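Q: Spelled out, the chains give:
There are 2 protein chains.
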Amino acid sequence: MTKIGFIGLGIMGNPMAMHLQNAGHSLSTVKHISPIPEQILEKGAVVYENPKDLAKESEVIITMVPDTPDVEEVLLGTDGVIAGLQQNTLVIDMSSISPIATQEIAKQIELAGGQFIDAPVSGGEVGAREAKLTIMCGAKGENFEKVLPLLELMGSNITLVGDIGAGQTCKVANQIIVALTIEAVGEALLFASKAGVDPKRVREALMGGFAGSRILEVHGERMIDRGFDPGFRIRLHQKDLKLALEGARSLGIGIPNTATAQELFNVCTANGWQDLDHSAMVRALELLAAHQVAN
Amino acid sequence: MTKIGFIGLGIMGNPMAMHLQNAGHSLSTVKHISPIPEQILEKGAVVYENPKDLAKESEVIITMVPDTPDVEEVLLGTDGVIAGLQQNTLVIDMSSISPIATQEIAKQIELAGGQFIDAPVSGGEVGAREAKLTIMCGAKGENFEKVLPLLELMGSNITLVGDIGAGQTCKVANQIIVALTIEAVGEALLFASKAGVDPKRVREALMGGFAGSRILEVHGERMIDRGFDPGFRIRLHQKDLKLALEGARSLGIGIPNTATAQELFNVCTANGWQDLDHSAMVRALELLAAHQVAN
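These protein sequence lines are chains A and B, in that order. Anchor point for the first sequence: position 201 equals 201 in our numbering, and the numbering is continuous, going up by one each time. Anchor point for the second sequence: position 56 equals 1056 in our numbering, and the numbering is continuous, going up by one each time.
These are computed hints drawn from the structure, not numbers from a lab. Computed from a predicted structure; not experimentally measured. Among these hints, one or two may not hold up.
[To be verified] Stretch by stretch, here's where chain A covers chain B in the computed footprint (C-beta under 8 Å, at least three residues):
#1 1042-1052
#2 1068-1081
#3 1170-1176
#4 1193-1202
#5 1211-1225
#6 1278-1290
[Unchecked claim] Partner residues aside, some chain A positions facing chain B, computed with beta carbon under 7 Å:
#7 Pro37
#8 Ile40
#9 Gly141
#10 Ala173
#11 Asp198
#12 Glu204
#13 Gly209
#14 Arg214
#15 Gly227
#16 Leu251
C-beta: ideal position from N, C-alpha, C; glycine also.
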């Protein structure tokens, strides 16, 4: 039984934390802006005033918050984890944030006597609920071995990708591929449907071949059925592509189709679609198609 | 036993024709620029002087040639199929050509008393050899039913997508998705490797999740191992994206990432890489990365 402090009990964090509780670990958390889920409290979670107090009583600390500044605040801020950190506490950041900022944060945690692991996930709400997340880790090998039993309670496809930051880099790579595959399926289905061919039949014909993918299967269907309830929200994927584009600039590489995909997400947001599923990117492509345009 | 005239015994056509022969059908062909494969002749194929003579003796005619003008010449040219076409002969074009030209060609075949089916394939040389091609058909339903037993000798995933031309439209959609997924995997693996993370580990970590695809599996590995022997040649994929971009222009849609992918293929061709596998598109992305540039 490990004393785990879990910060960030949102759509993803809530089911993840419950899997840890269900396996018999002792869970604590901190006061959130939103109320703490009843089930978590019923199972005996302790609620601390702030991350500093939580850190004093935790062997492992997991963060699952929206963005880079949130991780920085929770870990490094006043009353942050770092202010109460015990020697050799393992800090696992499972949020999706900047790989570069991650290395900075890790350095400070290590200076304060802790150990750091970045372990962002993919697989969405369903993956979190079913404990079938893909978890991409950046860590020292011995730290990875220590936390693997905990990660296995939340995910089914867990890889040590490399040193600290490598998990976040891998997550960015994941989000590039997912966005660009959605865009590809959008271009292809739009092409077919404007040519007068049923996109449903096209999707079926392509499923078994080299054009086949989870995205064609799941997001292709959403595009055809116009089922844009999230799923994964456009504004979150915009955040991830921002990390990709900033990263590319600092690495000195060009990623032209990621740039275009981000522009298409921007068009969606400009039209108020930022809380639709990312498959709604096809709507931005549809706006590019010939219309009656006033003047 | 059907009397089949098969025109185009190249890398794809050769194994496809052999499957038909092996099933007991009587095969004929025409003199090609390249010699006719020995095995085909040994099994008793008749060789006609030209497509007109072949058409006089065929119940079904299959074409598997490189491009739109080749199909037009073989079917509609002087001494072409149309000049010898028998009533109700089924003409199946399995080449990958323009969906718009296809409808024109079909009209002329029908006016001459024949029936037309477009049935382009994907799955490459391996798929052709193993009779596991994906075959995308555009046809009248009754014609599709008639040729299905023959198609099943060559492919394992056969769909009637819609009316005449729909097969070619579907193939274009296929080639859009394949090119853009290759591009996506290229951007992602380049990002990871420039960030100092092993792209091999990234590929493995992503395989099970939403970024997973046949392309990540097969072409991702080729990029990592630098194994660019074709496979499917860049210059052929360039031809297919040309069909996509011309089609998009005439349909009044924008397909921005297809346009970029074509530019990247153009960069490959400009560097003499047109006969490498299409996964070598990653090399064009690598050229975009920071280098020591002489003035």
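Q: Which earlier hints turn out false for this structure, listed by number in ascending order?
A: 1, 2, 7, 8, 9 and 15
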